[in-house]
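**Student:** In order, the protein sequence lines correspond to chains A and B. Mapped onto full-length UniProt numbering, the consecutive letters of the first sequence carry residue numbers 1 to 434. Mapped onto full-length UniProt numbering, the consecutive letters of the second sequence carry residue numbers 1 to 434.
Source of the hints: derived by calculation from the structure; they are not laboratory data. Be aware that a few hints might be false.
Since the list can't tell identical chains apart, any single copy or any two copies may satisfy a pair.
Restricting the straight-line Cα-Cα distance to at most 20 Å, the calculated cross-link-like pairs of lysine to any residue (SDA-like) are [stated by the list, open to error]:
1. K387 <-> N293
2. K387 <-> G327
3. K385 <-> F286
4. K385 <-> T227
Protein chains: 2
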Amino acid sequence: MATTAMPSAAAYEATVTAPVNIAVIKYWGKRDESLILPTNSSLSATLSQDILHSKTTARADPNFTGADTLWLNGTPEPMSASKRLANVVNALRAKRAALEASDSLLPKMSKWIVHVVSENNFPTAAGLASSASGFAALVFALANLYQLPEAKDGEAGAGRSTLSALARLGSGSACRSLFGGFVAWEMGTHADGRDSVAVPVAPASHWTDLEALVLVVHDGRKGVSSTSGMQTTVQTSALAQERFKSVVPQRMFDMKQAILRKDFDQFAETTMMDSNQFHAICLDTFPPIFYLNDVSRAIIQLVTDFNATPVAGYTGKYKVAYTYDAGPNAVLYLPRQFVRPVLALIQHYFPAPTDVPAADYFADPYKVGVNYPAPSSTNVAELAKTKLTPHAPGAIKRILHAKIGDGPRVVYAGPATGAGETGLMGKDGTPAKK
Amino acid sequence: MATTAMPSAAAYEATVTAPVNIAVIKYWGKRDESLILPTNSSLSATLSQDILHSKTTARADPNFTGADTLWLNGTPEPMSASKRLANVVNALRAKRAALEASDSLLPKMSKWIVHVVSENNFPTAAGLASSASGFAALVFALANLYQLPEAKDGEAGAGRSTLSALARLGSGSACRSLFGGFVAWEMGTHADGRDSVAVPVAPASHWTDLEALVLVVHDGRKGVSSTSGMQTTVQTSALAQERFKSVVPQRMFDMKQAILRKDFDQFAETTMMDSNQFHAICLDTFPPIFYLNDVSRAIIQLVTDFNATPVAGYTGKYKVAYTYDAGPNAVLYLPRQFVRPVLALIQHYFPAPTDVPAADYFADPYKVGVNYPAPSSTNVAELAKTKLTPHAPGAIKRILHAKIGDGPRVVYAGPATGAGETGLMGKDGTPAKK
Chain A
1 MATTAMPSAA AYEATVTAPV NIAVIKYWGK RDESLILPTN SSLSATLSQD
51 ILHSKTTARA DPNFTGADTL WLNGTPEPMS ASKRLANVVN ALRAKRAALE
101 ASDSLLPKMS KWIVHVVSEN NFPTAAGLAS SASGFAALVF ALANLYQLPE
151 AKDGEAGAGR STLSALARLG SGSACRSLFG GFVAWEMGTH ADGRDSVAVP
201 VAPASHWTDL EALVLVVHDG RKGVSSTSGM QTTVQTSALA QERFKSVVPQ
251 RMFDMKQAIL RKDFDQFAET TMMDSNQFHA ICLDTFPPIF YLNDVSRAII
301 QLVTDFNATP VAGYTGKYKV AYTYDAGPNA VLYLPRQFVR PVLALIQHYF
351 PAPTDVPAAD YFADPYKVGV NYPAPSSTNV AELAKTKLTP HAPGAIKRIL
401 HAKIGDGPRV VYAGPATGAG ETGLMGKDGT PAKK
Chain B
1 MATTAMPSAA AYEATVTAPV NIAVIKYWGK RDESLILPTN SSLSATLSQD
51 ILHSKTTARA DPNFTGADTL WLNGTPEPMS ASKRLANVVN ALRAKRAALE
101 ASDSLLPKMS KWIVHVVSEN NFPTAAGLAS SASGFAALVF ALANLYQLPE
151 AKDGEAGAGR STLSALARLG SGSACRSLFG GFVAWEMGTH ADGRDSVAVP
201 VAPASHWTDL EALVLVVHDG RKGVSSTSGM QTTVQTSALA QERFKSVVPQ
251 RMFDMKQAIL RKDFDQFAET TMMDSNQFHA ICLDTFPPIF YLNDVSRAII
301 QLVTDFNATP VAGYTGKYKV AYTYDAGPNA VLYLPRQFVR PVLALIQHYF
351 PAPTDVPAAD YFADPYKVGV NYPAPSSTNV AELAKTKLTP HAPGAIKRIL
401 HAKIGDGPRV VYAGPATGAG ETGLMGKDGT PAKK
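Please model the complete structure; the sequences and the hints are all you need to start from.
**Tutor:** Structure representation (structure tokens):
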């Protein structure tokens with residue numbers, strides 16, 4: 001277990017944040033369970049870190065004794081307890097060791113015990129997968145702690161892709177959180193996974209009109225874990241191979257074109273069709289896997305009906321696109337001009353829970369919701385011709401508003417101060433008191 | 001409109017009943033909309049007619065004037081109002097005309113107006129598709145009215161398959177209701193559809209241990225019609241072609257083997273996987289089509305958990321199989337020994353609605369439910385290890401118990417008496433008073 005000492009003068013630490021990414025071409029299926037090599041390429045947008053990120057402080061101290069330890073949201077665990085966690089730390093430590101071997105003046109950090117404190121600034125109750133941003137933050141923190149050249153390479157450099165492959169060892173989709181903007185995870189062909197890495201498609205600055213709404217859907221049941229779910233799909237779905245072999249390669253091409261051209265119609269259609277197909281192969285799995293519930297279905301209906309209702313002066317085929325990961329929550333991608341109308345529709349058909357303060361219901365760092373008028377039912381009826389009827393309050397528990405954002409950020413990297421001011425770790429090498 | 005006269009001495013009539021069939025390999029997709037030729041073969045079991053059938057009386061009378069008319073559940077409509085209905089009647093009339101042309105002594109029934117009265121003995125509230133049994137009954141009634149040789153051929157003869165092709169013109173799956181037992185609809189290859197017919201796989205007497213429970217699920221919304229739904233699937237689903245081309249041919253083979261060997265494990269697995277895949281390609285359709293709701297999903301979970309729970313002395317892998325058509329209702333196929341345990345589970349996890357008499361909730365002509373003890377929660381917990389919790393009363397509205405049954409039956413065929421005793425038509429050529 002962890003020691004509780006003051007940081008030694010030799011100690012180093014790094015604190016970083018890493019973003020959440022939401023795939024528009026879905027990853028579902030591994031061709032190598034241990035190296036986490038996927039059966040198909042995937043593509044995501046990185047969400048802004050203002051209200052959604054993982055923050056991680058890593059410290060290496062020659063005076064630490066015991067085992068490498070991670071405090072995740074306050075709970076300590078030896079890193080060896082998780083094979084994936086151990087794989088990631090060992091891979092980064094090996095890179096540090098190689099550096100030290102080539103330059104004898106470097107501190108022998110690779111020999112020192114590491115302490116890591118990690119937190120998500122979004123509640124786990126939000127139902128968002130935190131493993132992607134969490135493993136991206138871990139890899140980026142250790143890479144900065146160890147002063148690896150890959151960490152200095154920036155989002156345009158190949159070093160970042162190298163780090164993405166290490167994040168992939170922790171959680172497949174984590175590799176995509178090493179970049180901002182629009183990010184492809186190319187499946188690669190090599191058995192050792194060296195070409196199964198994330199690569200940037202376009203930075204966040206490329207398409208600033210695109211925004212996102214995360215709709216957290218109430219769900220009573222615990223879904224199948226994605227690790228075991230995708231194993232069963234690969235083993236039992238007769239349709240999954242067709243998706244891997246034929247459908248996704250074409251969609252990766254289409255999606256990259258859509259992003260490069262900022263063609264929202266192509267982006268939206270491919271996003272929605274790929275979300276549908278991911279859930280279709282889950283249903284073609286035996287026993288079938290269901291992540292969408294009746295509220296998820298109703299949101300799809302509302303989006304479909306809103307898209308089918310003309311808006312004066314708008315010639316696009318789509319105004320908003322839905323996508324669903326391995327759970328009932330919807331993420332909507334949409335041009336900025338439709339954020340307010342869509343919020344009005346959501347507010348009308350999925351009223352806020354009655355037992356939650358309004359500020360907790362709608363997390364809106366960009367203030368689009370400030371003074372946002374409660375829509376009259378007439379206005380809403382004009383917005384979308386739908387047969388949907390309003391749900392009981394609380395069917396959607398929470399709404400988060402995000403933009404497309406940048407990749408991991410270094411908050412601090414250098415000698416350990418233990419001040420707990422920029423990082424999450426106190427002088428004693430455990431989580432800082434708040 | 002219909003005339004209201006006494007039947008003339010020359011009038012003829014026929015009254016028949018036809019069964020419901022529930023597919024275990026699903027039909028979804030047409031390669032020819034007008035001839036109703038499918039994109040894949042399908043296979044069904046015919047349910048017993050004791051509580052589920054359509055009954056039809058057809059009369060041809062030289063004194064009828066006006067238009068061919070159908071009374072469906074009491075409401076008259078000229079048959080020309082429905083293209084499909086007109087196609088079916090015209091096809092049968094043409095066969096009669098050909099007979100008359102070859103034998104000048106035959107009454108010229110093909111020149112006479114036809115009145116048809118048809119009823120389903122199951123409430124439309126049951127949510128079961130009535131078009132299959134309805135069109136099968138219509139074709140069989142007219143074939144008997146017209147004394148076509150195909151009508152005399154019995155279930156083993158090729159004439160019945162010829163009639164099935166005419167029922168297909170009304171509603172694709174209706175062709176399978178021309179036979180009892182286990183029935184394949186072979187998709188055929190000819191452009192004119194002459195080889196797209198139903199053929200018997202095995203009669204009901206072949207596998208008498210197999211029974212069915214129909215679970216009618218409450219659903220607030222109206223689903224997409226199957227006609228427009230399957231068009232959209234063929235046009236937009238990237239996975240549907242793989243199903244048509246590769247998956248279904250293998251499953252047709254597997255299913256026939258399962259039935260011929262009375263191999264319930266193979267039957268159950270193929271049935272469940274094919275139901276799942278049908279709904280998967282609906283979800284891969286754009287916009288997506290959902291027929292399963294949260295209650296349907298919960299039934300699948302319960303079946304999956306019950307199958308996974310060992311029963312002393314039973315070595316089979318499966319004890320019950322679910323299948324879902326284009327709606328939320330489940331049909332469970334199961335060996336007789338599991339009817340009572342499954343009823344106990346359903347009764348526990350989906351309690352009867354509180355506003356419906358028990359006899360209306362559970363239609364059980366075979367009396368398996370008589371004195372069936374309300375299970376204790378301990379017993380139920382032993383039956384199936386599940387995390388499911390009981391639903392509110394009425395999530396399942398109605399349960400019907402059926403066996404595998406025979407094909408259409410002739411109630412009467414001959415000169416019109418108009419007595420309304422064996423048929424549905426009164427002396428005046430309209431529905432008999434009850």
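**Student:** Now tell me if each hint is right for this structure.
**Tutor:** Verification of the hints:
{"no.": "1", "hint": "K387 <-> N293", "verdict": "both (18 Å within a copy, 17 Å between copies)"}
{"no.": "2", "hint": "K387 <-> G327", "verdict": "between (25 Å within a copy, 18 Å between copies)"}
{"no.": "3", "hint": "K385 <-> F286", "verdict": "between (37 Å within a copy, 18 Å between copies)"}
{"no.": "4", "hint": "K385 <-> T227", "verdict": "neither (39 Å within a copy, 23 Å between copies)"}
Checked against the numbered hints given earlier, this structure breaks only hint 4.
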